[in-house]
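Novice: Sequences listed follow chains A and B, in order. Residues 1 to 497 in my numbering are what the first sequence spells out, letter by letter. Residues 498 to 937 in my numbering are what the second sequence spells out, letter by letter.
Just so you know, these hints were derived from the structure itself, not from any lab. All residues carry an ideal CB built from backbone N, CA and C; glycine is no exception. Hints may contain errors.
What the hints assert, rightly or not - So, partial list: chain B residues that the calculated Cβ filter (under 7 Å) puts toward chain A:
hint, residue
1, Asn534
2, Val575
3, Lys587
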Amino acid sequence: MNDIGLKPSLLFDDADWDFEVLQRTLEAIEEIALSDLKLDIYPNQIEIISSEQMLDAYSSHGMPLMYKHWSFGKHFARDQMMYQKGYSGLAYEIVINSNPCIAYLMEENTMTMQALVMAHASFGHNHFFKNNYLFRQWTDAEGILPYLDFAKKYIAKCEDEYGFEEVEAILDASHALMDQGVFRYSRPPRLSDADQMAKLAARAEHEELTFNDIWRTLPNIEEDEEEKEERQAEVRNIKLPEENLLYFIEKASPILRPWQRELVRIVRNVAQYFYPQKQTKVMNEGCATFVHHYIMTELYNRGAIGEGAILEFLHSHSSVVFQPDFDDPRYSGINPYALGFAMMEDIKRICEDPKAEDREWFPEIAGSGDWREILKDAWTNYRDESFILQYLSPKVMRDFHLFAIADSAKESHVEVSAIHDDLGYRRVRERLAAMYDIGMHEPNVQVVAAALEGDRKLTLQHKVHDGRKLNGDTKDVILTHIETLWGHEVKLEDGDA
Amino acid sequence: MAFSHFIDRRKNPKGKSLGNRQRFLKRARAQIKEAVNKSLRDRSLKEIEKGEKISIPSKSTAEPRFRLDPETGKREMVHPGNKEFGKGDKIKKPPKGGGKGKGKKASTDGDGEDSFQFTLTQDEFLDIFFEDLELPNLVKRSLKEIKATAYKRAGITVSGSPTNMNLIRTMRNAHGRRLALHRPSTREMNELKERLFALERIAQPSDEEIALRKDIIAQLEAMESRRRWAPFIDPLDVRFNAYEPTPVETTAAVMFCLMDVSGSMGEREKDLAKRFYMLLYLFLRRRYERVEIVFIRHTHHAEEVDEETFFYSRQSGGTVVSTALDKMLEVQRDRFAAHEWNIYVAQASDGFTQSGDAKRCVEILNESIMPISQYYAYIEILDERELEVFSNEDSGAELWRAYRTFAPQWDHFAQTRIARPQDIFPVFRELFSKNKREAA
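Isolated chain A (complex conformation) (with noise of 0.2 Å):
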């Protein structure tokens, strides 16, 4: 296998790329996502763009189309000064869970980095989000480009209509309340769909010809009667208490107007759309992982691409799933790449190489040697905090050092409540996994009260968890913003969860 000169059989062999170049590898990759892993995905787009297009996508969500907020220039402007003074590189790639599957190549990337982009995301994001149960659930693949086209749309006509401060002030407060307005346990209401998404174009259409000053100055001459009749029926059947603030408000609101209801329904499902991927960072990452991991390693394997590329790709991939210990000055918490990669390289081993240990622990897979079908189970059925429960094995705890620590404000000590050893597998593995459960460390408010006539008074509360209270900085000023939606008084009061 040392023939040093020409080696036909290559895919690529040096940095550059081209189309063609592109094209090949794809295929080679898609040879074996497809028939080895069988992996079932979206039909991929794969874009090419610029760094600068990159820090642009990047700063609103990474979509390829958002409408314009002030909160987005903030975050281009501090991606674009780390970028530039160099404490961060830019994320190789970018993915959206939409269909087709489109993914965002940087051309300053090297061919080797491309071929990583690619398997990463064109094939094991992609494989994700078109099976994992949270994604097939909650979000809506085939509809998202089109509804981000028409928020865009709308609140750019809004801002025309009713001018900036005023689009600003419904944005700012919803946004205030992204987290508190998803739909945890219930299904959501799809997005706007099609018909929806017409009716409100040739609404606004309807208003422009019939246009007349004078019935400016009539209040909500904009909600005919009809339409206000089933909003208000869709409140009488809200079940209270409502965990989705942003629901309850975009409905029973005394005060907002029809475009404003409608802005702060475009927050929630903008919100409602990332919800799952908060919850499968690290089966997301993972499984995106192991995915280009296997890929480039079987590549080589068969000899379609050389020492100098593997090379290359182990740098990178070494660098991506590196995970500083707790006391290294560059820890930030559990790398997802890390673990996310780690369980399911073990989760492979357990099938095809078990040890005593891992039949006692995993009886149902150790031996069985199928862990394609394995895995793809579990990136099926699983988010991170029941994967973490099911999956996390003694031997990755190990590898990892993982230990366990109480944390009480009231003392001045925390205590290591458990460590990877016998003992403490079980407890470390439960509270890891309690650490991906979004209801533990996002704050869970709820609204228990409305009054819809008289005083119109509207009461939320902070269910209370382990004692752990609101931070009262940011508190008082949600509080002002849910007041600018509600137009009444607001009160958040704590109780038990």
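Got chain A; can you put chain B on it based on the hints?
Specialist: For chain B alone, coordinates are given in the frame of chain A:
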């Protein structure tokens, strides 16, 4: 390959997030302005044209979300990298305040930082700088042009727009070609036609006359066809004036900054003076390739200093303004020959000088400085109360009154009193309008 395809987006228009940036700058306007004003104090005159890294309090652009307070309740977290801990070990918590340690995670996604840093582009920076000065728009635009280029004639070309057609050249070429190709002239043809008409008017023409007529018609037809392939103007003849963008004359200017640094000039006064110098510098940068700045400070005696010392160190002593003028002339004679340099002088003072000195100042100006300088701007910095007292142009401190009397003799001398940044520009108004006249 049914499953995948590539799209090249690199050519797509850039700056998609520009709208977001404008909204952000607008949102944080007040804080950004404060930061810019602060940085004006810190930056040197020559740096005025650069973009600027600024930091604003992050609170102004916070995006609040409900957060759990790490100082309350109980929690249990898992971390990697255990080395020596065993179950039940107790670890003292780091002291509060600096105690980020384990709580770090909360601040990475929250708005934990105290300040938000980003870079303003040169345009954005100048916009904010200009805001206080209340510059007319035309002036703002012209100051922001970095490289001034002018289109200059650069010979003749064969292609160009119709408006640039060089008629003389074109017609001369056409004429030469017509001669060379023996194009029948209109006059020749008209003569023939006259003859033809005359013949045709004959009621009963003889055979001879009929033959002649035929001959003339044949001749005319031949001429006609010759004219067709040798047209009056052929595209080959057309010439256009060529223009090339060339940088405006590379000339040099020196700007003398004179300032009274005696005790009565406080930080506010110096700050205003600095803006005054900055504006002049910007203006000069635009007109001259090379601009040197000389800083001369004075109390009862004057010295040339560097910028740092000029703006920030204090000196005590009396006030004799004429010493600065002497010093300026000395430096000028030494290093900036009047025939090579355009000389601009900007003087800032609180208007006080030793009695009798004002007269001497006027003498020096009249005899030595005004004849060699392009422009002399004098600002007297007052506080706002004084500005009201001295609302009448004719009253004022000694130096002001002395300058008032001599000013009308020189049209490139300007003086004004300022108490606020927006008072600065009027001093330069003439300077800019003069420039406008040149450009027109």
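Novice: Have a go at the Asn534 (chain B) hint: is there a Cβ in chain A nearer than 7 Å to its own Cβ?
Specialist: violated (19 Å)
Novice: Against chain A, is Lys587 (chain B) within 7 Å by beta-carbon distance?
Specialist: Where the cut-off is 7 Å and the nearest Cβ of chain A is about 4 Å from Lys587 (chain B), the hint holds.
Novice: Do the numbers back the hint for Val575 (chain B), that is, is its least Cβ distance to chain A under 7 Å?
Specialist: holds (4 Å)
The structure does not agree with numbered hint 1 stated previously, though it agrees with all others.
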